[in-house]
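Quick mapping for you: the protein sequence lines, in order, are chains A and B.
As numbered in this note's numbering, residues 1 to 155 make up the first sequence, in order.
As numbered in this note's numbering, residues 1 to 147 make up the second sequence, in order.
Bear in mind the hints are in silico, worked out from the structure with no lab data behind them.
It should be emphasised that the depicted structure is a prediction, and the values quoted were computed from it without experimental measurement.
Positions of the beta carbon are idealized from the N, C-alpha and C atoms, including for glycine.
Warning: the hint list may mix true and false statements.
[To be verified] From the structure, some residues in chain A lie toward chain B, with a derived Cβ separation under 7 Å:
#	residue
1	Gly42
2	Pro120
3	Val128
4	Gly138
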Amino acid sequence: MTQRRGFSPTLFYAPNLASMVDVVMVILIFFMLGTSFSVSEGVLPSELPSQIGPGGSAQVAIVPTVQIALFEQPESPGCRIIIMDHELAENSFAALAALLVQRREAGADPNGRILIGAEPGVAYQNVVSAMDACVRSGFGNIQFSVNPDVQIDVD
Amino acid sequence: MHSPPAPTSVTINLAAMVDVTMCLLIFFMLTTEMVKSENSLIDLPLASAAKRVEKKDLGDRFVINIRDARLSGGSGATYLVQEKETTLAGLLERLQAERSARAEVNCVIRADRGLPYKYVQAVMLGCAKAGVKKITFSALPRGGEAP
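Given the sequences, and given the hints that come with them, work out the whole structure.
Spelled out as structure tokens, the structure:
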């Protein structure tokens, strides 16, 4: 058998990628359509008084460190803020937070109960803002007053 | 006399495309969360003190979404549990059942920021009646609003 000098045939072995690309593209499209990039959320925890239980809505005597009441303001998305039966000089949650910080620095117990009550028509954002002001001021024990005798008309 | 050259098959080199596609695929596989959707699109209230937490840190959570029906041209509120619409009475029954099944159930309330508080209050009252003690309010951890 003779071999020709200077001739070395080169063979390229490559896998056929076409079918693999097909499969990968299908999986890629599935993940692209199935993905939802969620916005990271935060939470504000709260706890109901332990006296309340099943069949409860019991009336419990609560002696709060601070009592905050939010009242509707007609024709406005905002609300009137009353703290310990006194209206704030400046009706804002920043002023509420500042007042709470003063109370804490004056020796108020940061684990003391903060009781938030709001009129039914007050926007939920205002209630959360009141809660936010309390947490920012260092008060973590936040509770809500709900009158169990009042039937809430929720359409 | 030379014979004509043998026909050559022309193919596209797919190697680079496969590289890119694989990178994209791995990215989507890692970032996708295949979970049962329990969070509806809600315009959450803002609260700078809201803490970012992992879902597992919320314990035995029971997520209630409350949508302001006025935003979609209706009136009142729409209660949703796992993307399914329910009435307030139905929701309260569900709360009772959840409390019976899981003693330490944590009720996570996600409500639209402009919603009148009475709709949230009704759920809180339901929690109290069902014996659910832990309530968590979802909020976006950004600056709050002045009244």
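Hint check results:
The beta carbon of Gly42(A) comes within 3 Å of a beta carbon in chain B, closer than 7 Å, and the hint placing it at the interface holds. At about 3 Å, the closest approach between the beta carbon of Pro120(A) and any beta carbon in chain B falls short of 7 Å, and the interface hint on this residue holds. At a threshold of 7 Å, the smallest CB-CB gap from Val128(A) to chain B is about 4 Å, leaving the interface hint in force. For the restraint placing Gly138(A) at the interface with chain B, the shortest Cβ-Cβ distance is roughly 10 Å, beyond the 7 Å limit, so the hint is violated.
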